Amino acid sequence: MQDREYLKKIRNFSIIAHIDHGKSTLADRLLEQTQTVAQREMSQQLLDNMDLERERGITIKARAVRLTYKAKDGETYYFNLIDTPGHVDFNYEVSRSLVACEGAVLVVDASQGIEAQTLANTYLAIENDLEVLPVINKIDLPSAQPELIKQEIEDVIGIPAQDAPLISAKMGINIEDVMEMIVRDIPCPVGDPDSSLQALIFDSYYDSYKGVIVYVRVKQGTLKVGDAIRMMATKAEFDVVELGYMGAKSLIPTDVLKAGEVGYIAASIKDISETKVGDTVTSVDNPAKEMLAGYRNVNPMVFSGIYPADGSKYTDLREALEKLQLNDASLTFEAETSMALGFGFRCGFLGLLHMEIIQERVEREYNLDIITTAPSVVYKITKTDGEVLMIDNPTNYPDPALIELAEEPVVNAHIYAPSDYVGNIMELCQDRRGTFKDMKYIDEKRVDMHYELPLNEIVYDFFDALKSKTRGYASYDYELIGFKPSKLVKLDILLNGDIVDALSFIIHEDKAYSRGRKIAEKLKEHIPRQMFEVPIQAAIGGKIIARETIKALRKDVLAKCYGGDITRKKKLLEKQKEGKKRMRQLGSVEVPQDAFMSVLKLDE
Amino acid sequence: MANKDLGLYIHVPFCRSKCPYCDFYSIKYSASTADDYKNAVLRNISAYDEVFDTVYFGGGTPILLYNEIADILKQINLKISANAEITIEANPESTTKEALEILYESGVNRVSFGVQSLNDDELLALGRLHNSQTAINSIIDACEIGFKNISADLMLGIPYQNRQSLYHSINELAKLPITHISAYMLKIEEGTGFYKNPPKLPDEDFTSDLYILTCDELEKNGFFQYEISNFAKRSFESKHNLKYWDSEEYIGIGPSSHSFYGGRRFAVLRNLREFIEMPLQNIYITEENPKTFDEWAMLKLRLSKGILFDEIGQFGVNKDELINKAKIIPKQLINIDETGIYLTKEGFLLSNNIIEKLIF
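Protein sequence lines, in the order shown, are assigned to chains Y and H. In terms of numbering that gives the first Met the number 0, the first sequence opens at residue 0 and continues consecutively. In terms of numbering that gives the first Met the number 0, the second sequence opens at residue 0 and continues consecutively.
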């Protein structure tokens with residue numbers, strides 16, 4: 000039997016914080032003070048290392064790092080800090096990251112107090128039996144009110160906060176208190192290194208030399224280099240080539256990972272879709288009887304077409320998506336063709352934020368201009384002949400005469416917010432065709448409102464609308480519960496009498512009229528006048544429900560051609576032609592890219 | 000080597016004051032600089048062993064330098080062919096009978112007056128130094144002195160202009176002894192006074208209406224459109240300006256002037272001091288090899304007669320392909336017949352868009 004003393008030296012935890020409350024700064028400070036990273040090597044906010052993450056102030060992917068801390072008791076401890084994504088699109092990933100920990104440090108801003116966004120993750124942590132330890136940050140600010148905030152934490156979350164360390168991550172004040180608290184209050188992991196192997200996958204990424212690097216928390220058993228392993232959900236099998244710990248700057252190889260430890264596996268894995276977050280790694284020779292609980296096969300919820308703005312960049316776009324997929328198993332794509340946009344890809348995303356992130360990464364990291372079509376969810380259509388179709392592309396929506404039953408995906412949504420905003424939230428949810436289920440008071444001031452909502456009403460801009468109706472205090476999460484019959488129609492947009500397939504979408508009948516009108520208005524704003532009058536129409540089947548007209552252009556700038564300066568005129572025309580290349584020719588109408596973008600976000 | 004039908008453009012970069020819409024190169028007139036300028040012009044012309052059949056003094060306000068110009072014409076007499084068209088631009092406020100007489104004697108046979116409008120409030124808003132009566136008087140003077148070919152500039156889309164005021168300008172002009180009208184739409188250019196302090200202008204659609212009105216009214220008065228902005232009584236088209244649009248060669252002398260000569264397009268910097276001091280004007284190439292179909296067709300489409308199918312063979316362009324491209328242009332903008340392709344009045348207004356569709 001192996002020694003279990005090592006378990007007492009391990010602390011696995013994550014940090015929960017609202018945007019700007021200092022999660023990344025605290026993480027940086029911990030890395031620095033444990034000398035995991037020498038101060039001069041520190042680039043600010045080490046953990047969030049994608050540009051996009053820094054700009055948006057959110058963590059997109061989970062990440063982990065191991066710190067070594069020599070505590071006041073003279074013992075050396077190993078801290079595994081597991082970062083969590085901070086958006087509802089990635090809720091499942093958050094929950095898996097939390098399951099890999101025994102505790103969470105809750106960072107609260109000393110002047111702003113608890114924000115709604117933090118609440119959802121805190122509840123998720125408590126639900127997963129994590130020890131939640133509050134820390135009051137930014138005590139150096141004149142507006143800091145630590146005593147009030149402590150009371151708020153106790154009132155709102157119901158965890159003791161009187162002994163919470165008062166720190167300034169920015170100034171490096173009392174960081175040691177946080178580390179001593181982690182040693183003292185976060186339980187050490189439990190697990191049996193002699194048992195059959197169960198290791199939880201909480202993240203993975205593609206490394207071009209080593210293949211997929213899988214981040215795991217070993218729950219039971221022992222993992223050794225050379226072991227044959229099996230992913231219990233995907234059934235994929237591999238031989239372990241390398242094991243190790245996550246250093247701040249590089250991976251640190253080791254021979255063995257034991258129950259309670261957090262580390263990585265490299266096993267010449269080519270395809271990241273074989274290493275699903277939440278899956279259990281076991282050994283082929285002595286497999287565990289059961290998977291670890293809570294695995295979910297995460298399917299894309301939102302689909303949209305991505306097309307290269309310049310049709311000749313199709314191959315470049317495919318390569319970009321392939322590379323992004325190496326690191327992001329939740330991104331799916333397949334080739335599709337649009338009459339309007341030519342060759343492109345139908346892509347599946349976890350949610351709208353995920354979609355935006357992928358779009359931005361394609362544009363920035365691969366330097367490609369793209370056009371995106373309106374996001375759609377998957378609809379379930381039963382035809383009169385009994386055939387069942389799953390439709391994620393409006394183009395494939397069958398003729399209404401052939402539809403026996405149309406169903407749309409529905410989610411269970413929980414909205415957490417201060418009770419003052421109940422009225423606003425109910426109004427919003429009703430507008431979004433929600434069905435009220437129940438409402439619970441989390442405490443005196445806060446509620447958990449439970450609604451059943453059609454997915455297509457929330458993937459769009461629900462979170463933005465929710466935040467604006469609650470001054471940013473509300474958060475929400477949701478989970479797909481299935482399909483329900485719905486009065487769906489396909490709304491087409493016609494430019495100059497021709498349907499533009501890339502602008503069609505599926506929508507509830509009651510919403511079609513106002514949406515159609517709004518889209519027509521937006522397009523009118525964004526499509527420049529052409530040499531002829533261009534009618535913009537929204538139609539259901541053959542019926543026109545909205546119309547706008549772009550008046551014909553009368554004159555373009557008539558540059559003079561006198562004194563014989565012909566070259567200037569010619570250059571102006573060449574420049575104009577170059578500018579037009581960024582337009583899409585739809586039939587006879589030239590449509591700028593931003594017209595497609597404009598219909599994606601309609602302010603409600 | 001003498002080049003048949005070569006044009007000569009001389010840029011005269013002096014004005015009494017700068018109009019807020021103008022981006023042509025000019026500086027304030029001074030008599031001493033004018034003499035240095037004249038010598039530089041003569042020096043440069045002598046470098047070319049050519050004979051010119053059109054000479055055009057543009058500006059600026061060339062008529063301010065009537066003595067110098069008379070002198071230039073006298074000295075280059077041998078380089079000017081017998082029936083050459085010799086034009087001078089004149090602004091009414093700077094035009095005197097004396098100047099017109101001297102120029103007439105020196106061989107100038109065409110005067111182009113910068114009238115712009117015959118409504119005083121419009122002239123004031125344009126920053127012009129003349130009023131409508133001064134403009135009318137200058138034209139009558141020129142006629143009395145013997146000029147048979149007189150042109151007037153008219154501006155469209157200017158502050159305060161409306162249908163009625165434009166009718167007035169056109170009909171008053173038509174009563175005068177003029178043979179040619181250039182009607183330009185105001186375009187605010189970077190670096191001008193109007194660019195810094197934009198005036199209130201009629202909107203683009205209304206200006207388009209004014210343009211169509213101008214075309215119609217001028218035609219009623221016997222001025223036939225032969226180019227986007229140019230109208231003439233029969234056989235009074237500007238020979239010099241037609242060279243530009245027919246891709247014929249011309250030599251430009253003076254700061255900011257442009258040339259198309261020896262198969263290349265080139266220009267001179269906008270710097271009078273340098274022009275005066277350099278032994279020969281310092282040119283920079285703007286286009287090494289301009290003899291392409293694109294450029295040729297772009298210029299031809301400015302003309303009412305448009306692109307003639309008989310002439311496209313030299314570029315190896317296929318007639319049917321061109322017709323197919325032209326067919327995507329809305330019918331009210333373009334005419335296609337057995338001889339060629341040409342724009343309508345409405346088409347001229349959209350010539351940038353159409354040219355881009357057809358050729359570039």
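Careful: at least some of the hints might be erroneous.
Distance ranges between label pairs, derived from CB positions [stated by the list, open to error]: (1) H/E49 / Y/F342: 34 to 44 Å; (2) H/M277 / Y/G578: 50 to 60 Å; (3) H/N323 / Y/G578: 21 to 31 Å.
Examples of chain Y residues toward chain H, derived with CB under 7 Å [claimed, not checked]: (4) D184; (5) T566; (6) K576; (7) G578.
FYI, nobody ran anything at the bench for these hints, they're computed from the structure. Every value quoted in this text rests on a predicted model; they were computed, and no experiment measured them. Positions of the beta carbon are idealized from the N, C-alpha and C atoms, including for glycine.
Here is what the structure says about each hint:
no.: 1; hint: H/E49 / Y/F342: 34 to 44 Å; verdict: violated (57 Å)
no.: 2; hint: H/M277 / Y/G578: 50 to 60 Å; verdict: violated (38 Å)
no.: 3; hint: H/N323 / Y/G578: 21 to 31 Å; verdict: holds (24 Å)
no.: 4; hint: D184; verdict: violated (68 Å)
no.: 5; hint: T566; verdict: holds (4 Å)
no.: 6; hint: K576; verdict: holds (5 Å)
no.: 7; hint: G578; verdict: violated (10 Å)
This entry does not satisfy hints 1, 2, 4, 7, going by the numbered hints stated previously.
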